[in-house]
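**Student:** Chain X is already provided as a structure; the job is to place chain Y on it using the hints.
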Amino acid sequence: MKLTKLKLSNFRQFYGEQELEFSIDPHKHITLIHGENTVGKSAILNAVMWCLFGKVLHNYNQPHDLVNREAANSRAAERICKVTVEFEHEETLYSATRTYNSRTKNDDAKVFQIVDGDFRPIRHAKSLINLIVPEDMADYFFFEGEGLIRMGENEIGRDSAEAIRTILGFRYVNTVIEDLDYLRTKVRAELRKKQREQTGQASLIQEIETYEKAIDKTKATKAKLEKSIKESSAELKELNSRIGQSGHEDAEKAQKELSRLETQERGVKQDIIDVRKQRQLLISKYGWVIFGSTLFNKTLDFIEQGNYRGRIPPPHVAQIIRELLEDEKCICGSDLKPGTALYDKVESQLHTAVTAQMHNRVIRATAVAAEAKGRFSEFLDEVKNLERQYLKLQTREAELIANKDIQEKIIKNIAQSNIQQLVTKKESAERKLNKAKDELRHELQDRASDSNNLERLRAELRKNTVQQGVAMKLARQEALYALLIKRCTDRLTSFEKEALEFLETTNNEALKKISRQELKFVLNDDFTFKYLDGADEEIGRSTGETLLSKLIFVSSLIQFAKERVNVKDEFVIHGTIAPFLIDAPFGVLDEEYKKEVAKYIPQCTEQLILLLSTSHWTTIDDHIKERIGREYVLINHQTIEKGERTEDVITIPPKNGEVYKLSKYEASIRMSSIQEIRR
Amino acid sequence: MIEENLKALIDKVISDPELDDEEHIALLDPYLNGLVSIAKKDHLSESPNKSNRRKLMNRELDDLLKAIN
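Just so you know, the protein sequences line up as chains X and Y, in that order. In terms of the numbering used here, the first sequence opens at residue 1 and continues consecutively. In terms of the numbering used here, the second sequence opens at residue 1 and continues consecutively.
Just chain X, same shape as in the assembly (with noise of 0.2 Å):
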């Protein structure tokens, strides 16, 4: 998909109507909209975000606002907004309208595909778009870069989660594990019903109803745990916010450092966490071995004792007895003779000798018994290293929490009362915050095996079922639900797997374009991530590397939605190439970091459309400049005098360009307005 052409009436900050092209050349596929603050740049991406998906970014100001106030105010018949978003997709034109009267709140879409200058409707219109462009893969192209430095820390790992998700259209198939998990209770029920009729299952069916009630039990109690949970941590992040910003330099300077090591404190714990884990799959990788070793290590030292070498196998060997018999020839010049006494005792001896079986059987065990030895030290010298590892690490985690205790002795020891209730509070959200996880995961251990033991119970009483009848078609029937929700299960793993090993390798890529240290970006199985530094430490980060972190996440994801344009599987959804529609992207960028990413964007997409102050855009200029396709910029109209004011410019390009006012006063009426320019 690219967008050709926006067309706005009469919406938000745009009276009348007002029009732009976006750029299609392949070469030249930047278009640049240059604006000050609140001139419209923002109304310009949930306008396209508006008209296709009937939504605006969740921190647009006033968002049932969007009929311009002047059109509003001056005639009562103009409470219409509309915009209009013209795009191409597969070499075919399509139009899509929006409409919306601020009076009756009537909303009102429509799609058109345009042949030859003729505007055919589409009749599935949400269908149609959602099909190019999912809805829900929208916040992923269309985004404004001060939302991205919001999401907080401690939701990156959430929102990594819901975006893969998101991308590979998870939503469907969890509607259809809902669905099917409720089909499955209204047949189990049935099947029940029916079971009860059949003697001897009264004690298991009550077994488990007790395990059923107390699943169900578990299922409301950790939604309100981690309800609570969410509120105090959100709770947390406002006080140490607002401890940060306090205006008192010392709280402000402890604060940071707090958030500093809190941050490496996460890490530490995901690495503690880690090394158990590894330690868990060293009994699986060495299992055999470690339980083995003693009966290995005994089967050894019996065969190579000095007594028992070179005689276990016997000696003498089948092969060699048969072909003397054969050749009527002992080895020691004798004739061998059938029935004489000597042909008999070597006969006699085929009894015990080996054969090459036995002995590739002896040998291949000698082997065995002999790799174990070797993988048992191996398993020892994993586990002292694991070992070691997780004492370093318990150490750091010490570390960083008496540093930590130290700086919120500092912020609790300042004698000024707002940071002393800030204080307070934050203790008080930090006692709920720990007793909510720590029930809940008294709850999740208390439970932990019970799903198991249910579905054991469960089976069990499948199979006691009596094998005829309604009962026993009832019990295919649930078996059947659970099995395809068990498989539909499985598929997501595995897909989320795949989508996990493509992004760290995306991110990792651009991390060595873009970043000035050695970073590693590493996405851990609960889609949390973390980047480590060149000695694998993890590092804290600045607001600006945050948001660069994140911008490079984002752009993975879009590279990930185009690697799978062409899937054809239809249990997840397509990918999809669409427009990247950035708002302000490189906020809190310093310089060189704004040069970096400015480079990297325009490669991660076929259609870039930069909404930019000023401010952001002159130091990036040199490296866009080639790419841009298209140009305008956003005029502020304004009914008030000039006077003393300063008159706000933009110079395109930069050096020694052409000037361009972007205010103009004493209008008839307070507007935007978009002007288109020409380099």
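Please note that a few of the clues may not be correct.
[Claimed, not checked] Below are the DSS-like pairs computed for lysine-lysine, each with C-alpha atoms no more than 25 Å apart in a straight line:
id : chain 1 : residue 1 : chain 2 : residue 2
1  : Y       : Lys41     : X       : Lys568
2  : X       : Lys194    : Y       : Lys7
3  : Y       : Lys7      : X       : Lys463
4  : Y       : Lys41     : X       : Lys486
5  : X       : Lys562    : X       : Lys550
6  : Y       : Lys41     : Y       : Lys55
7  : Y       : Lys12     : X       : Lys194
8  : X       : Lys486    : Y       : Lys66
9  : X       : Lys285    : X       : Lys497
10 : Y       : Lys41     : X       : Lys186
11 : X       : Lys2      : X       : Lys126
12 : X       : Lys213    : X       : Lys224
13 : X       : Lys425    : X       : Lys437
14 : X       : Lys497    : X       : Lys269
15 : X       : Lys473    : Y       : Lys41
16 : X       : Lys55     : Y       : Lys50
17 : X       : Lys404    : X       : Lys256
18 : X       : Lys55     : Y       : Lys41
19 : Y       : Lys12     : X       : Lys193
20 : Y       : Lys7      : X       : Lys193
21 : Y       : Lys55     : X       : Lys186
22 : X       : Lys437    : X       : Lys426
23 : X       : Lys194    : Y       : Lys66
24 : X       : Lys463    : Y       : Lys66
25 : X       : Lys550    : X       : Lys237
26 : X       : Lys520    : X       : Lys550
27 : X       : Lys186    : Y       : Lys50
28 : Y       : Lys55     : X       : Lys194
29 : Y       : Lys50     : X       : Lys486
30 : X       : Lys28     : X       : Lys625
31 : Y       : Lys66     : X       : Lys186
32 : X       : Lys193    : Y       : Lys55
33 : X       : Lys126    : Y       : Lys50
[As the list claims (entries may be wrong)] Distance ranges between label pairs, derived from CB positions:
id : chain 1 : residue 1 : chain 2 : residue 2 : range
34 : X       : Asp569    : Y       : Lys12     : 25 to 35 Å
35 : X       : His64     : Y       : Asn69     : 50 to 60 Å
36 : Y       : Lys7      : X       : Lys568    : 24 to 34 Å
37 : X       : Asn403    : Y       : Glu22     : 43 to 53 Å
38 : Y       : Lys7      : X       : Asn59     : 47 to 57 Å
If you are wondering where the hints come from, they were derived from the structure by calculation, not from laboratory data. Where a beta carbon is used, it is the ideal one built from N, C-alpha and C, also for glycine.
**Tutor:** Structure of chain Y alone, referenced to chain X:
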């Protein structure tokens, strides 16, 4: 043929819930794709209807249910 294999699979699952027969379990995929398609259509329709969606899903599985019984 597929249905026969699925019937055998279901009977195996009944006696061994831990069964991990990837090759045969994969036979369910076309049915699952059909269910996902129903969920998609419902989500994208102007008026999603949960009850109708579940009815359609059951209908999608009708042949399979008949076959395994």
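**Student:** Next, verify each hint and record whether it holds.
**Tutor:** Against the structure, the hints:
For the proposed pair Y/Lys41 and X/Lys568, the alpha carbon gap of about 17 Å is at most 25 Å, so the pair holds. Straight-line distance between C-alpha atoms of X/Lys194 and Y/Lys7 comes to about 21 Å, which keeps the hinted pair within the 25 Å bound. Between Y/Lys7 and X/Lys463, the direct Cα distance comes to roughly 15 Å. Compliance with the 25 Å bound is thereby established for this hinted pair. The straight-line distance between the Cα atoms of Y/Lys41 and X/Lys486 is roughly 23 Å, inside the 25 Å bound, and the hint therefore holds.
Taking the CA atoms of X/Lys562 and X/Lys550, the gap is about 18 Å. The hint holds against a cut of 25 Å. Our distance criterion of 25 Å between C-alpha atoms is met by Y/Lys41 and Y/Lys55, whose separation comes to about 14 Å. Taking the CA atoms of Y/Lys12 and X/Lys194, the gap is near 21 Å; set against the 25 Å cutoff, the hint holds. Simply put, X/Lys486 and Y/Lys66 have alpha-carbon atoms about 21 Å apart, close enough for the 25 Å limit, and the pair holds.
Annotation: proposed proximity of X/Lys285 to X/Lys497 holds, straight-line Cα distance about 21 Å (limit 25 Å). The hinted pair formed by Y/Lys41 and X/Lys186 meets the criterion: a straight-line CA distance of about 24 Å does not exceed 25 Å. For a cut-off of 25 Å, the pair hint linking X/Lys2 to X/Lys126 stands: about 18 Å separates their Cα positions. Of the supplied pair hints, the one linking X/Lys213 and X/Lys224 holds, its CA atoms being roughly 17 Å apart against a limit of 25 Å.
With a C-alpha separation of about 18 Å, the suggested pairing of X/Lys425 with X/Lys437 holds against the 25 Å cut-off. Of the supplied pair hints, the one linking X/Lys497 and X/Lys269 holds, its CA atoms being roughly 22 Å apart against a limit of 25 Å. Restraint check: the Cα-Cα separation between X/Lys473 and Y/Lys41 comes to about 30 Å, which exceeds 25 Å; the hinted pair is violated. Annotation: proposed proximity of X/Lys55 to Y/Lys50 holds, straight-line Cα distance about 23 Å (limit 25 Å).
Taking the CA atoms of X/Lys404 and X/Lys256, the gap is near 11 Å; set against the 25 Å cutoff, the hint holds. A hinted pair counts as satisfied when its Cα atoms are at most 25 Å apart, and X/Lys55 with Y/Lys41 qualifies at roughly 20 Å. Annotation: proposed proximity of Y/Lys12 to X/Lys193 holds, straight-line Cα distance about 23 Å (limit 25 Å). This hinted pair checks out: Y/Lys7 and X/Lys193 have alpha carbons roughly 24 Å apart, not beyond 25 Å.
Restraint check: the Cα-Cα separation between Y/Lys55 and X/Lys186 comes to about 13 Å, which is no more than 25 Å; the hinted pair holds. For the proposed pair X/Lys437 and X/Lys426, the alpha carbon gap of about 16 Å is at most 25 Å, so the pair holds. Between X/Lys194 and Y/Lys66 the alpha-carbon distance is near 20 Å, which keeps this suggested pair within the 25 Å criterion. Of the supplied pair hints, the one linking X/Lys463 and Y/Lys66 holds, its CA atoms being roughly 20 Å apart against a limit of 25 Å.
For the suggested pair X/Lys550 and X/Lys237, the alpha carbons sit about 19 Å apart, so the restraint of at most 25 Å is met. The hinted pair formed by X/Lys520 and X/Lys550 meets the criterion: a straight-line CA distance of about 14 Å does not exceed 25 Å. Of the supplied pair hints, the one linking X/Lys186 and Y/Lys50 holds, its CA atoms being roughly 15 Å apart against a limit of 25 Å. Our distance criterion of 25 Å between C-alpha atoms is met by Y/Lys55 and X/Lys194, whose separation comes to about 23 Å.
For the given pair, Y/Lys50 sits about 22 Å from X/Lys486 by alpha-carbon distance, which is consistent with the 25 Å threshold. Restraint check: the Cα-Cα separation between X/Lys28 and X/Lys625 comes to about 9 Å, which is no more than 25 Å; the hinted pair holds. For the given pair, Y/Lys66 sits about 18 Å from X/Lys186 by alpha-carbon distance, which is consistent with the 25 Å threshold. Among the hinted pairs, X/Lys193 with Y/Lys55 is consistent with the structure: their alpha-carbon atoms are about 23 Å apart, no more than 25 Å.
Between X/Lys126 and Y/Lys50, the direct Cα distance comes to roughly 18 Å. Compliance with the 25 Å bound is thereby established for this hinted pair. At roughly 26 Å, the beta-carbon separation of X/Asp569 and Y/Lys12 lies within the given 25 to 35 Å, and the hint holds. The given range of 50 to 60 Å is respected by X/His64 and Y/Asn69, whose C-beta atoms sit roughly 54 Å from each other. The hinted window of 24 to 34 Å between Y/Lys7 and X/Lys568 holds, with their beta carbons roughly 28 Å apart.
Between X/Asn403 and Y/Glu22 the beta carbon distance is about 50 Å. The supplied range of 43 to 53 Å therefore holds. About 54 Å separates the C-beta atoms of Y/Lys7 and X/Asn59, a value consistent with the hinted range of 47 to 57 Å.
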